[in-house]
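Using the sequences and the accompanying hints, generate a full structural model.
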Amino acid sequence: MSEILQFSLCLFAFNCFALAKFNHYRDVFKVRPTQTQSNQFVVVAWISILLSLVLSVVEYKGYGALLFCGYMALSVLILMIFYSFKTSWVKAMSVINISVILFSGLFFAIY
Amino acid sequence: MHAQSQKNSQLLMLVAKISQYYQSYAYQLAVVSRFFAAIVGGYLFTSVFTALMSITLPLKKSDAVLLSISLTIFIYSCVFIWVFAVKSLKTIWITILLTSSACGLSIALLKGWL
Amino acid sequence: MKDSFFRSMTWMHTWVGLLVCWLLYLIFFAGTVSFFRDEITLWSKPALHDAHVPQERIGLQHQQIIAGVEYLKTVAPESNRWGIYLPSEREPWLIYAYEKPRPEGKRFGGWNDYYINPETGAPIQQPRETKGGNFFYRLHFDLHYIDVRTARWIVCFASLFMLVALISGVVIHKRIFKDMFSFRKNKGSRSWLDGHNVSSVLALPFHIMITYTGLITLIFMLFPYPAMTAYDNGVRGLFNDVLPTNVRTQSSAESAPLVAVETVLDQVYTNWPNADITQFAIRDPNTASATITVRAATGTQVRDQTPTLLFNGVDGSLMAKTRDELSATEVFYDSLTALHTGRLANPLLRWLYFLCGVAGCVMIATGCIMWAKRIRERMKKDQVPSFGLKLVEGLNLATLMGLPVATSAFFIANRLLPITTAERADKEILVFFVTWLAVALFALFKRAKQQWIMLAWVNCIACISISLVNALTTNGNLISYVLNSQWALFSFDLMCLISAVLFIVQAKKLRTQLHAPTAPFRANRAGKSNLREQNT
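Residue numbers (the working numbering), protein chains in the order written: chain A, 1 to 111; chain B, 1001 to 1114; chain C, 2001 to 2536.
Source of the hints: derived by calculation from the structure; they are not laboratory data.
Take these hints with a grain of salt, some might be off.
[Claimed, not checked] For lysine to aspartate or glutamate, the following EDC-like pairs were computed, each having C-alpha atoms within a straight-line distance of at most 16 Å:
#1 B:Lys1061 with C:Asp2232
#2 B:Lys1060 with C:Asp2147
#3 C:Lys2321 with C:Asp2241
#4 A:Lys61 with A:Glu3
#5 C:Lys2100 with C:Glu2078
#6 B:Lys1111 with C:Asp2232
#7 C:Lys2073 with C:Glu2099
#8 A:Lys61 with C:Glu2078
#9 C:Lys2045 with C:Glu2099
#10 B:Lys1061 with C:Glu2330
#11 A:Lys91 with A:Asp27
#12 C:Lys2045 with C:Asp2113
#13 B:Lys1060 with C:Glu2129
#14 B:Lys1060 with C:Glu2325
#15 C:Lys2100 with C:Asp2113
#16 C:Lys2390 with C:Glu2377
#17 C:Lys2073 with C:Glu2129
#18 B:Lys1061 with C:Glu2377
Every value quoted in this text rests on a predicted model; they were computed, and no experiment measured them.
Structure below.
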């Protein structure tokens, strides 16, 4: 379960990085992002990605860092596919992603 | 006399021909020598430098060796990149040979081989 | 060389990369497949398919070792070496092995293995002679048919170029981090460039890590100088210093009874209360120089050195023991090797390693295709292609498409070659190389898009036939693997089918381009990437 949380945080972070980019934001929301919005996305992305790194290192020690590299690879791959071929699905994907984070985070907090 | 001058002119022609060949292949030669400098020169420098590191690092003997071994590849790739980044081939060779011999000399002094 | 730093880096990236890309592709391919070495070996030995890990795996070890020594005492009292390999999650069977008599002048006679099902204790039928996943593991750094030392030097050289190309690649493609999520479709060599960028950025930390640590695994051959300077007897001196269990006693012919196994095991469990023993090896049993080596699993630590205890085989005294506490440098060095081999990775991490490895293969493949593509695009209509271009195109087709075909052929040969064939393991490898050679010869004559399509179909058929032949010649198939939850075998079959589908995609994609020649070339990236997935 914790792996899912770590991975979805990583995916979320890269999603935010992508949305902080002018082109990607416009493709998804059809409007231009303001400078503050972009900055906010970047900040959220960094928090989320560091959280993912910390969680995986705390749980798996040395291999956690590696696992994190793998999560990054998988996230970028998934996002690349979405942003290049299925831009209209990005919104739905983000919603699912966030709910997975919340759900697994809750699970993680309880157990 | 006549034969002499003919010989001279032949020699001159040969020289001219060689320099012409050199001109036309100058680029390829420069490429080959740069790769040579990067691979062989880089290897030479890395070997002596890490060897020097392994006896000068203020650590336990085995630790010093292992640390310098772990860093060899890093040093080698830095030298490799540097060779391609610097413009003059002469500078490269002089730097590599000077630093390597300096390291080699210090090893020899430290180990008491001289 | 070139005017600016930036341009000289671009130049270097192109040429350093092109020079070794096909060899690197082979190394990456074989390495990626080797992450599932044990699973592939399992697949290639159907006799072992029914073995499962027993419930009380660790609890049974004590009794298994005692039974093993008893067995070896009766079967091979004269042998030079005995080994007991205990079942693990990835290799769920028990092996009692002894060394066969050494032929004249040889230092090792080869193992004779006796397999046992750890659940029932019943012997398993001797599996077929095959190298399985070990073939790819060896291919990864020893190549094949070449002297091992030469091969390793070549591999080192190629890896060094890889590292240099990676670093210069980061320098020249500063923009890759900027638009790392975009992939421009149908834009000719632009698309190839994007494919190249995405696959490298995707797993950049992995690529750098794996190349660096790969060189570290062969470092004592590449740079023995630090050890030679610091120690009088060079690398051997270092090993003796760092590894206390690296003791070799002189063999003696004098016979002496072997110590009672319980004595040794008691000490093992005092030293390591919850030991998960993986190996119990005896050297020169029944002689005065007998030694017993006990190895245990490392658990979750990033460590390549297995914890080891070395006992005297006559009086049972503890001779040496790996240190529990390593110094910071030792941990650093050891973890570099451990990161490369990923032996102890959990399944999730193993799959991520595999994914990154595939990304590496795609990176190399797109790189070499891109070079040829760019030259082609720059060429005038009626210009005759140069020899260099033809060579690169031929090598591209032969390596990128040939290696997957050869891999499939290797697996099919594993199932179809008669079990009684003499030197069967070598024959399988011969099939691998002959297939590859055939594809290379084919590429020698023609290497147009038509041939890419043809080979994509060949690959697709080959991948499907692996599954088919497996279902026909063994008791298992894709469905029965699910029902019996044999996940390693299931993933292997599934991967074959996924690769087949991706080859179909590739062939379709290439054909649409062929029919619409004006449409710019679009990567058969997806297809290509998956060629690598020939394994679990």
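So, going through the hints one by one against the coordinates:
1. Our distance criterion of 16 Å between C-alpha atoms is met by Lys1061 (chain B) and Asp2232 (chain C), whose separation comes to about 12 Å.
2. Distance hint between Lys1060 (chain B) and Asp2147 (chain C) is unfulfilled; the C-alpha atoms sit about 36 Å from each other, more than 16 Å.
3. Taken as a hint, the Lys2321 (chain C) and Asp2241 (chain C) pair is honoured in the structure, with Cα atoms around 13 Å apart against an allowance of 16 Å.
4. With a C-alpha separation of about 14 Å, the suggested pairing of Lys61 (chain A) with Glu3 (chain A) holds against the 16 Å cut-off.
5. The suggested pairing of Lys2100 (chain C) with Glu2078 (chain C) holds, with an alpha-carbon distance near 10 Å, which does not exceed 16 Å.
6. For the hint pairing Lys1111 (chain B) with Asp2232 (chain C), the CA-to-CA distance comes to about 11 Å; that is within 16 Å, so the pair holds.
7. For the hint pairing Lys2073 (chain C) with Glu2099 (chain C), the CA-to-CA distance comes to about 13 Å; that is within 16 Å, so the pair holds.
8. Of the supplied pair hints, the one linking Lys61 (chain A) and Glu2078 (chain C) is violated, its CA atoms being roughly 46 Å apart against a limit of 16 Å.
9. For the hint linking Lys2045 (chain C) to Glu2099 (chain C), the alpha-carbon distance of about 21 Å lies beyond 16 Å, and the restraint is violated.
10. For the suggested pair Lys1061 (chain B) and Glu2330 (chain C), the alpha carbons sit about 12 Å apart, so the restraint of at most 16 Å is met.
11. Pair hint Lys91 (chain A) plus Asp27 (chain A) holds up; C-alpha atoms about 11 Å apart against a cutoff of 16 Å.
12. Distance check on the hinted pair: Lys2045 (chain C) and Asp2113 (chain C) sit about 13 Å apart at the alpha-carbon level, within 16 Å; holds.
13. Distance hint between Lys1060 (chain B) and Glu2129 (chain C) is unfulfilled; the C-alpha atoms sit about 47 Å from each other, more than 16 Å.
14. With a CA separation close to 15 Å, the supplied pair Lys1060 (chain B) and Glu2325 (chain C) stays within the 16 Å bound.
15. For the suggested pair Lys2100 (chain C) and Asp2113 (chain C), the alpha carbons sit about 10 Å apart, so the restraint of at most 16 Å is met.
16. The suggested pairing of Lys2390 (chain C) with Glu2377 (chain C) holds, with an alpha-carbon distance near 14 Å, which does not exceed 16 Å.
17. Using a Cα cut-off of 16 Å, the hinted pair Lys2073 (chain C) and Glu2129 (chain C) is violated, with the two alpha carbons roughly 25 Å apart.
18. Note on Lys1061 (chain B) and Glu2377 (chain C): the hinted pairing is violated, with a Cα-Cα distance of about 57 Å set against a maximum of 16 Å.
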